[in-house]
Amino acid sequence: YTLKELFLARELFHPNIIEVRSLLGDSCYPSHKFCQYPVLDQVLALGLQTSLKNKGVIQCAKKVESLELTNPEEAHSRAQSLLKYIDTNFSVLVPSKVVSQQKSGKSWGRSLGWMFSSQSGKAEIDPQYVQFFNELVSIRWWPVIDTALCPHMPWYLGEDNEKETENNDKEKSVIRPKLCSGNKVYPIEHAWLVSASSFLLDAQINSDELRYQLGWNNQIPANILAKQIIELGNISDLHKGNMRFQEDMAIVVPQIYKQLAPVVQEVDKSMFIDKKWVWVGSGFATQNQVAFSSAAVVDDLNLYTLPSDLKVFSSLLSFLGVRETFSPSDYVWALAKVKKEKFDNPLSSELITTTISIIQYLADCDLRNCDCEIYIPDSNSILCLSSDLVYDDAPWFADSHGDITQYRMVHPKISNDKC
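With the working numbering, letter number 175 in the sequence shown gets 175, and the count goes up by one each step, no holes.
Bear in mind the hints are in silico, worked out from the structure with no lab data behind them.
Fair warning: there could be bad hints in the mix.
To be verified - What follows is a list of derived Cβ distance ranges for each label pair:
id	residue 1	residue 2	range
1	Ile175	Ile273	30 to 38 Å
2	Glu324	Glu73	49 to 57 Å
3	Ser308	Glu247	13 to 21 Å
4	Pro127	Ser91	36 to 44 Å
5	Ser314	Ser270	18 to 26 Å
6	Met409	Cys372	19 to 27 Å
7	Asn380	Glu266	48 to 56 Å
8	Gln255	Ser66	37 to 45 Å
9	Asn89	Leu8	18 to 26 Å
10	Asn242	Ser318	24 to 32 Å
11	Gln128	Ser308	51 to 59 Å
Backbone N, C-alpha and C fix where the C-beta goes; we use that ideal spot for every residue, glycine too.
Please model the entire structure based on the sequences and the hints provided.
Here it is, written out as structure tokens:
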């Protein structure tokens, strides 16, 4: 017993195993009286643990998990100590020949349905090691970073906090987890690819075998990458004009697209509908707002041509809905959106130039079957319905017959044939 509690001898450790104290505390040893010879020899015969092996590691992990509820800071510190021990001794906990056999199949991480079949005539993997790693990954003891690495990085706070956000439960304070299970964590170097839907490990793993078994060498799942790019688009409006955000996105977005391209067929395309996820150089736009080319200058009208450096991802973007070019109805929609935003305020000279280029394009299109209202600028640079405007094709008439201010005249840069 220890601390007035009874334990089986195999649940406790020999007092010489000092590294266990930082993981489990003093309660992991027999009481002082039972640590003295010859009583200690008798306890050893009953199964007292003389080293921290697989069973002890699982015991430590469960202890850390239970400690999070009462002392999350201490649990986090112990988790880091335990992970350091596992990282250093992984080849002992899971012998290298077992790991190398598993390498010919799938890694154990990310999926709990691990493979036991032999490969190339090799013996089957010993189930005891699979069971150990399975349990180690499933226990919620892995230490994670609980604060976003930068203000414009999406940050995952766990499923419980996400459900509260969806239910608009703003009165409940957000509890930032300090621990998670091993199949929900990624290394910090993957932060920009996974931070919207996965935790980041608050420790460095140096063991190549452990990293492999955690699945960190595998392709990142399509749904995680899709969530990441969508969440970046969701927060982009909060960082308009932020040069650091634009610089980071110029690097991050191509990385996400590159990772997503080979697995895009696995994506539920409905995730992207009406979401801003296409990078256009200064911000994000929906796929309906972007085309590979445009018949008119449109960037000032919430329509965008894809930046040339992203056209290498044309197959990915086309699959997810980016079109080759805009249709006339897209330009009509853009003009209506500007009208809604500007109302009866005059357009800037830049917007006038853009608007006129679109009107010149629409004038050459067959819009007879288009049931739409087209806005064009009047002589005061205010957008109005084209049906409400008049083109002054007889200026001499106004000079000789007096006032014509009762009419709203079309902008002077728009010719009669385009009207």
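Hints, verified against the model:
{"no.": "1", "hint": "Ile175 - Ile273: 30 to 38 Å", "result": "32 Å, holds"}
{"no.": "2", "hint": "Glu324 - Glu73: 49 to 57 Å", "result": "55 Å, holds"}
{"no.": "3", "hint": "Ser308 - Glu247: 13 to 21 Å", "result": "18 Å, holds"}
{"no.": "4", "hint": "Pro127 - Ser91: 36 to 44 Å", "result": "19 Å, violated"}
{"no.": "5", "hint": "Ser314 - Ser270: 18 to 26 Å", "result": "22 Å, holds"}
{"no.": "6", "hint": "Met409 - Cys372: 19 to 27 Å", "result": "23 Å, holds"}
{"no.": "7", "hint": "Asn380 - Glu266: 48 to 56 Å", "result": "53 Å, holds"}
{"no.": "8", "hint": "Gln255 - Ser66: 37 to 45 Å", "result": "38 Å, holds"}
{"no.": "9", "hint": "Asn89 - Leu8: 18 to 26 Å", "result": "24 Å, holds"}
{"no.": "10", "hint": "Asn242 - Ser318: 24 to 32 Å", "result": "30 Å, holds"}
{"no.": "11", "hint": "Gln128 - Ser308: 51 to 59 Å", "result": "56 Å, holds"}
Hint violations for this structure: number 4 only, all remaining hints satisfied.
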